[in-house]
Amino acid sequence: MGSLSLKNIHKSFGDVEVLKGIDLEVEDGEFVIFVGPSGCGKSTLLRIIAGLENESSGIIEIDGEVMNAQPPTKRGISMVFQTYALYPHLTVRDNMSLGLKQTKRPAEEIKSQVALASSMLALDEYLDRRPAELSGGQRQRVAIGRAIVRKPELFLFDEPLSNLDAALRVNTRLEIARLHRQLSATMIYVTHDQVEAMTLADRIVVLHDGMVEQIGTPMELYNSPANKFVAGFIGSPQMNFIPAQVLSDDKATTIGIRPEHIILTQEDGDVSGTVSHIERLGGDTNVYLDCGEAGLISTRLFGEHDYEVDSKLSAKFDPDRVYRFDQNGDTITA
Amino acid sequence: MTTSQPTSQSISNPMLSSNTARAIAAHAILITYTIIALFPVVVIVINSFKSRNAIFRSPLSPPNSETFSLIGYETVIKQGDFLLYFQNSLTVTIISLTMVLFFGAMAAFALAEYRFKLNLLTGLYLALGIMIPIRLGTVAILQMMVASGLVNTLTALILVYTAQGLPLAIFILSEFMQGISDDLKNAGRIDGLSEYRIFLRLVLPLVRPAMATVAVFTMIPIWNDLWFPLILAPAEEVKTVTLGAQVFIGQFVTNWNAVLASLSLAIVPVLILYLIFSKQLIKGITSGAVK
Ligand SMILES: Nc1ncnc2c1ncn2[C@@H]1O[C@H](COP(=O)(O)OP(=O)(O)OP(=O)(O)O)[C@@H](O)[C@H]1O
Ligand SMILES: [Mg+2]
Numbered sequence: 066m067g068s069l070s071l072k073n074i075h076k077s078f079g080d081v082e083v084l085k086g087i088d089l090e091v092e093d094g095e096f097v098i099f100v101g102p103s104g105c106g107k108s109t110l111l112r113i114i115a116g117l118e119n120e121s122s123g124i125i126e127i128d129g130e131v132m133n134a135q136p137p138t139k140r141g142i143s144m145v146f147q148t149y150a151l152y153p154h155l156t157v158r159d160n161m162s163l164g165l166k167q168t169k170r171p172a173e174e175i176k177s178q179v180a181l182a183s184s185m186l187a188l189d190e191y192l193d194r195r196p197a198e199l200s201g202g203q204r205q206r207v208a209i210g211r212a213i214v215r216k217p218e219l220f221l222f223d224e225p226l227s228n229l230d231a232a233l234r235v236n237t238r239l240e241i242a243r244l245h246r247q248l249s250a251t252m253i254y255v256t257h258d259q260v261e262a263m264t265l266a267d268r269i270v271v272l273h274d275g276m277v278e279q280i281g282t283p284m285e286l287y288n289s290p291a292n293k294f295v296a297g298f299i300g301s302p303q304m305n306f307i308p309a310q311v312l313s314d315d316k317a318t319t320i321g322i323r324p325e326h327i328i329l330t331q332e333d334g335d336v337s338g339t340v341s342h343i344e345r346l347g348g349d350t351n352v353y354l355d356c357g358e359a360g361l362i363s364t365r366l367f368g369e370h371d372y373e374v375d376s377k378l379s380a381k382f383d384p385d386r387v388y389r390f391d392q393n394g395d396t397i398t399a
Numbered sequence: 039m040t041t042s043q044p045t046s047q048s049i050s051n052p053m054l055s056s057n058t059a060r061a062i063a064a065h066a067i068l069i070t071y072t073i074i075a076l077f078p079v080v081v082i083v084i085n086s087f088k089s090r091n092a093i094f095r096s097p098l099s100p101p102n103s104e105t106f107s108l109i110g111y112e113t114v115i116k117q118g119d120f121l122l123y124f125q126n127s128l129t130v131t132i133i134s135l136t137m138v139l140f141f142g143a144m145a146a147f148a149l150a151e152y153r154f155k156l157n158l159l160t161g162l163y164l165a166l167g168i169m170i171p172i173r174l175g176t177v178a179i180l181q182m183m184v185a186s187g188l189v190n191t192l193t194a195l196i197l198v199y200t201a202q203g204l205p206l207a208i209f210i211l212s213e214f215m216q217g218i219s220d221d222l223k224n225a226g227r228i229d230g231l232s233e234y235r236i237f238l239r240l241v242l243p244l245v246r247p248a249m250a251t252v253a254v255f256t257m258i259p260i261w262n263d264l265w266f267p268l269i270l271a272p273a274e275e276v277k278t279v280t281l282g283a284q285v286f287i288g289q290f291v292t293n294w295n296a297v298l299a300s301l302s303l304a305i306v307p308v309l310i311l312y313l314i315f316s317k318q319l320i321k322g323i324t325s326g327a328v329k
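Here the protein sequences line up with chains P and R, keeping their order. So the first sequence is numbered by the numbering used here: it starts at 66 and just counts up by one. So the second sequence is numbered by the numbering used here: it starts at 39 and just counts up by one.
Worth flagging that the hints you see were computed from the coordinates, not collected in a lab. Glycine included, C-beta positions come from ideal geometry on N, C-alpha and C. Mixed in with the good hints there might be a few duds.
[Stated by the list, open to error] Here are the computed lysine to any residue pairs in the SDA-like style, where the Cα-Cα straight-line distance is at most 20 Å: (1) Lys176/P to Gly230/R; (2) Lys317/R to His154/P; (3) Lys166/P to Lys317/R.
[To be verified] Each pair of labels, with its calculated beta carbon distance range: (4) Ile73/R to Val81/P: 43 to 49 Å; (5) Ser227/P to Gly217/R: 37 to 43 Å; (6) Gly217/R to Lys72/P: 48 to 54 Å; (7) Leu361/P to Ser55/R: 51 to 57 Å.
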């Protein structure tokens with residue numbers, strides 16, 4: 066129904082090559098998330114899938130059909146934009162039904178589709194309002210509603226939650242997860258937010274500089290990152306990177322260890338240093354250890370802990386969780 | 039911001055009173071300007087209701103029971119053709135205005151929305167008309183109109199005024215259209231709107247205030263113009279109001295009552311059109327400030 070296949074997608078704006086050969090297979094019903102630093106081409110890729118931007122080369126197939134020359138409406142997709150992009154002069158109802166009216170669907174079908182979407186998203190009482198008379202969260206729900214009523218096989222989300230405050234973000238995230246289960250449609254979702262990526266995705270695609278760094282389930286990326294970039298990008302606080310010679314490991318260039326895989330002790334550890342800062346989050350405590358040549362090591366401890374700033378401590382790494390990277394940044398597997 | 043903050047905190051009261059002083063000064067300037075701008079109009083209107091002697095004896099006093107006279111309006115109406123002149127003026131103004139807005143908006147959309155090779159050059163070429171007055175081309179225009187047999191037709195005027203209005207319309211509207219978010223237009227594309235529908239259904243409603251601004255700036259020079267009617271369409275049946283009023287101005291005798299009355303009447307239609315557009319116009323002027 067809503068499978069997607071990208072083959073060697075390239076995109077250049079003038080002389081600047083933004084996408085450098087993207088290959089991706091998305092199965093029907095999958096929830097795939099694109100993450101990557103700002104400017105790496107996530108939105109551009111999404112817009113190429115949607116047909117809003119022309120690819121420079123490559124093949125886009127949706128549901129087994131080549132879609133390169135098809136306009137957005139013929140691709141069976143819906144898109145939700147970061148800026149909501151609601152039609153400001155139309156009511157919520159008209160915003161949601163415009164696409165269906167455009168394809169000349171019967172009035173009853175439009176009505177029932179809008180009713181279904183608005184009850185799913187708790188928008189019933191706002192149907193006659195204009196977007197300007199809604200809160201940010203309501204606007205985003207309308208934007209999602211507008212995407213749902215078209216019954217697409219493929220949903221595209223471009224950072225849909227980044228304009229919402231933290232609490233609303235959690236709610237809307239749960240909403241989207243629920244929608245994915247209910248609609249069992251394929252979803253492709255762009256985000257900056259780690260938590261969104263880890264919690265929503267079936268698979269995550271890590272993009273960097275217009276190339277795919279790694280594709281995998283959230284736990285695959287967390288447990289076996291293909292390279293230093295992915296290792297640093299997935300997980301928060303970020304993985305610690307330590308020059309290998311400091312730990313007298315001559316086969317690797319860099320050693321990586323996640324903050325949650327470090328134990329602090331008074332006894333001998335892998336590195337030692339002085340406490341430079343402590344962040345108490347209640348459930349977690351982040352301790353930053355200044356370890357001289359090894360740099361600043363962040364550790365994440367479960368529960369509440371009391372350490373004096375400037376006191377001396379050692380960090381002991383969980384030996385099963387230490388990653389080793391070669392000079393290209395690729396992970397060395399045992 | 040940062041530099042003005044300490045002063046506003048330490049001496050908040052003088053700030054407040056200097057604010058009021060500034061407001062008073064601003065209002066004084068604006069009121070003075072309004073009086074200067076309105077003065078000739080008011081003089082025309084009040085004198086149009088006075089007898090000929092009273093106009094010259096005390097031109098600034100309003101009509102009273104002695105000096106009140108409708109002789110000017112009677113002459114104008116008796117002249118008979120005046121209704122026709124009005125009709126001509128309105129036809130020319132409204133059709134030119136519609137064409138300017140319609141074609142201007144379409145050109146502006148193309149310039150704002152599509153990346154094509156000669157985009158910048160086309161834009162510059164179209165904007166050139168703002169800086170070069172169309173009257174410089176009068177001789178050539180007249181030759182063209184003679185050649186195409188359009189002299190003494192309203193079509194000639196409409197074509198010239200459309201050309202005259204387009205540059206500014208395109209310039210202003212394309213600025214506004216660039217301000218409309220791409221996401222909105224893309225949402226329309228995904229909803230299956232054709233480019234024409236995106237233009238008509240999404241972009242035009244959103245630039246309505248700008249359209250009103252352009253409408254007012256385009257309409258008034260067209261309505262008031264004397265130059266092109268005189269040169270291109272001086273014949274009786276295609277005269278415009280401004281040109282028609284000239285019949286009362288003779289080389290030796292001028293019928294001031296009639297001139298003033300016809301000018302007063304000529305204000306009415308533009309005023310009505312202006313009132314229609316003005317609500318939108320104010321929106322257009324403040325739209326940047328509010329958001
Ligand atoms: N229309 C355009 N013309 C020229 N360059 C563009 C255009 N659109 C995007 N780019 C460039 O392409 C690169 C990728 O842009 P894109 O919007 O896809 O990034 P992104 O990954 O979505 O970033 P963000 O996370 O900040 O949204 C950027 O360097 C951007 O400057
Ligand atoms: Mg983006």
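Quiz item: Any hints this thing doesn't respect? Which numbers, in order?
Solution: 3, 4, 5, 6
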